[in-house]
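J.: Could you build the full structure based on these sequences and the hints that come with them?
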Amino acid sequence: MSQLFSKKDKEALFTPIGKNNPVTVQVLGICSALAVTSKLEPAIVMGLSVTIITAFSNLVISFIRKTIPNRIRIIVQLVVVAALVTVVSEVLKAFAYDVSVQLSVYVGLIITNCILMGRLEAYAMSNGPWPSFLDGIGNGLGYAKILIIVAFFRELLGSGTLLGFKVVPDSFYAAGYANNGLMLMPPMALIILACLIWYQRAKHKDLQEK
Amino acid sequence: MDSHTLSLFVRSIFVDNMIFAFFLGMCSYLAVSKNVKTAIGLGIAVTFVLVVTLPVNYLLQIYVLDPLGIGYLSFILFIAVIAAITQLVEMVVERFSPSLYASLGIFLPLIAVNCAIMGASLFMQQRIGLGDSDPKAITGIADAISYALGSGIGWMLSIVGLAAIREKMAYSNVPAPLRGLGITFITVGLMAMAFMCFSGLKI
Chain G
0 MSQLFSKKDK EALFTPIGKN NPVTVQVLGI CSALAVTSKL EPAIVMGLSV
50 TIITAFSNLV ISFIRKTIPN RIRIIVQLVV VAALVTVVSE VLKAFAYDVS
100 VQLSVYVGLI ITNCILMGRL EAYAMSNGPW PSFLDGIGNG LGYAKILIIV
150 AFFRELLGSG TLLGFKVVPD SFYAAGYANN GLMLMPPMAL IILACLIWYQ
200 RAKHKDLQEK
Chain B
0 MDSHTLSLFV RSIFVDNMIF AFFLGMCSYL AVSKNVKTAI GLGIAVTFVL
50 VVTLPVNYLL QIYVLDPLGI GYLSFILFIA VIAAITQLVE MVVERFSPSL
100 YASLGIFLPL IAVNCAIMGA SLFMQQRIGL GDSDPKAITG IADAISYALG
150 SGIGWMLSIV GLAAIREKMA YSNVPAPLRG LGITFITVGL MAMAFMCFSG
200 LKI
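Protein sequences, first through last, are from chains G and B.
Numbering that gives the first Met the number 0 puts the first residue of the first sequence at 0, with every later residue one more than the last.
Numbering that gives the first Met the number 0 puts the first residue of the second sequence at 0, with every later residue one more than the last.
Quick caveat, the hints were computed from the structure, so don't treat them as lab data.
Here a beta-carbon is modelled for each residue, glycine too, at the ideal position from N, C-alpha and C.
Certain hints may be false.
Derived list of chain B stretches under chain G, where covered just means 3 residues or more per stretch with a C-beta under 8 angstroms from a C-beta of chain G [what the hints assert, rightly or not]:
no.: 1; region: 13-23
no.: 2; region: 26-38
no.: 3; region: 78-85
no.: 4; region: 115-122
no.: 5; region: 177-184
no.: 6; region: 189-197
T.: What follows is the structure in structure tokens.
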């Protein structure tokens, strides 16, 4: 194992999941992080799709990084990403049609997800294929983690279910508990994410802004 | 201009606002909203790119993708059109208004990866299939232009509004962990709640 994962590789894989999270610290890929999180299931699918696409686009770009002319690199990157997104979108349509309907345009919008372009520019253009691949997986999982946390709270408090199964017992409703419909609305996604950032920055003082 | 086209325009500014209803274009929205003047410049640039790309993508969808049955290539085609037009806009701005070019800096080329632009094209693709009676349907090139213009103005409205609030907020005493990003998210959340009251609007 020690040859497969050097120290730098481990760093590439694990720091984005924890301390250098792409969503809450680098502020990348906010759009879809908020829009698909009203239920847990689409959030998980979205997180996995982004992880796969980030990992493979990092890998491909890292392989051809020395042959891409600098002036047109953005277009080359976009075409590679768009091709991968097309594949994932077709696979989702074939095997998980309901989820792909729920995700609607946000699958296509993975192309313009800033995490992808950000990682390609910042990491894959200057590192070898294997660390780039791990960096992609790490950032994708970091993104998925935030999506799942936000979706967990929104689905639990908004509709009383998790992954479609009822978890809030009937006795709660009988005692006067009500689902908070506002949780399913767009504004609450922003506020839950703000609370996550608040928690993370209260824990890691060096992330605080002046 | 018939009433459907006009209602599409008003709806896309207030009800289907790109930022508050769909969170599209968040990255540059958060990054460039520190100062009202730059926010207005970026808003105009985004609106312009939207108004040019959306009709082009509409025509491509109707006359190329649909007749040939290659709808699955739409992602690649749309992003290529957007990237090419952004490049063109960049060259035009650099040639005719170097001062605006300097103030927008890196964000001008980044419009290509602004989700609001790609998102509008993908929403347009979904809305072509809707029936004529649906208020969201896009039935012709005029509708596509009015949708693009409305979305752009809606995006600009929200970025200028946030920039104005953030300029004032610089003087207030925010808890340290919330400073910067955290309080901005809460502000956007409250603005989105305010915009939710438009969702009952019948136009």
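J.: Hint by hint, note whether the structure agrees.
T.: Hints, one by one, checked against the model:
Closer than 8 angstroms: that is the beta-carbon criterion, and the region 13-23 of chain B has 5 residues meeting it against chain G, so the requirement of 3 holds. Restraint check on the region 26-38 of chain B versus chain G: 3 residues with Cβ-Cβ distances below 8 angstroms, three needed, restraint holds. Requiring three or more residues with a Cβ within less than 8 angstroms of a Cβ of chain G, the coverage given for the region 78-85 of chain B holds, as 3 such residues are present. For the region 115-122 of chain B, the proposed coverage by chain G is satisfied: 5 residues have a C-beta within less than 8 angstroms of a C-beta in that chain, meeting the threshold of three.
Against chain G, the region 177-184 of chain B contributes 7 residues with a C-beta closer than 8 angstroms to a partner C-beta. That satisfies the three-residue criterion, and the hint holds. By the rule of at least three residues with a Cβ nearer than 8 angstroms to a Cβ of chain G, the coverage given for the region 189-197 of chain B holds, with 4 such residues.
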